[in-house]
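What follows is the residue order along each chain.
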Amino acid sequence: AQKVTQAQTEISVVEKEDVTLDCVYETRDTTYYLFWYKQPPSGELVFLIRRNSFDEQNEISGRYSWNFQKSTSSFNFTITASQVVDSAVYFCALSGANTNAGKSTFGDGTTLTVKP
Amino acid sequence: KAGVTQTPRYLIKTRGQQVTLSCSPISGHRSVSWYQQTPGQGLQFLFEYFSETQRNKGNFPGRFSGRQFSNSRSEMNVSTLELGDSALYLCASTPLPGGYEQYFGPGTRLTVT
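Taken in order, these protein sequences are the chains called R and Z. The numbering used here numbers the first residue of the first sequence as 1 and each following residue consecutively. The numbering used here numbers the first residue of the second sequence as 117 and each following residue consecutively.
For reference, chain Z alone in the conformation it holds in the complex:
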């Protein structure tokens, strides 16, 4: 089985721009979660989607949004980028919500200049 894939792998944007990151879960996995990883804040939960519905959201401003499509693929969007948004954005998938182990993608490294 192919693993979780994330595109693009690297991205450089300037302040004020917006960005869309994509995540394709493992085939058959219907739950997708997003995390932001930074040296200062560690791994922080952004949101979780299941069956095209957002089930959980972390403590991030409204500039961070996401969605899930009927094929379970997910996208996250960050509008009006700030320097502090520079991070590794990780996507993880599980078959269903409910305490399963998460399978992570390689991440998208976003740099905001």
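Just chain R, same shape as in the assembly:
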């Protein structure tokens, strides 16, 4: 069975602070995919990043960066110099390959509030 744990339920920061959202996953699959999605107050989930299990290279995209470590089964997400518009619920998700490919398991989400 697959499991995704986002231990931080809510995080509140002041604008321009850096913030890291934690994600720990469990799977027996050797091939799997990890994702981060953002759900702003409007409600629509927006895709942020995808990583496959064979690619542990960290990635930076503007103010966003992701740290994937298979050894600790973690896929953490950092926002540098946070802005009020970053306020949203962030979900980490996991999907397997082949027959499990379309069945994503989501964490419970981390609600990020960025105060001006």
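None of these hints come from the bench; they were simulated from the model. This one's a predicted model, so the numbers in the text were calculated from it and none came from an experiment. Watch out, some of these pointers could steer you wrong.
[To be verified] Straight-line alpha carbon distances no greater than 30 Å define the calculated DSBU-like cross-link-like pairs of lysine-lysine that follow: (1) Lys-173(Z) x Lys-70(R); (2) Lys-173(Z) x Lys-38(R); (3) Lys-173(Z) x Lys-3(R); (4) Lys-129(Z) x Lys-173(Z).
Got chain R; can you put chain Z on it based on the hints?
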């Protein structure tokens, strides 16, 4: 490209009724998944369709069903509605099954009274 569209956006039903929700994927996307989102249970996978076939099903009772048409549009149906079915129902599409990122629609907010 137009995004994933879901209709209706809001729905109010009474217990015991049935409801059908519709989802049109992004043009060219052939895989459609459905999720239920509630404050208590979070995002839970309902089912996934590809080429008009259900590939995966989550742990939901048989009152929840779905189908996919030849143009990849999908519908889900909930029969004999219960109060606990009140939720945001999200549809997501991908080009194919296989670990692609999912593109979500705005959801249908179902309220059961």
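Hints that the structure is at odds with (numbers, increasing)
Structure breaks no hint.
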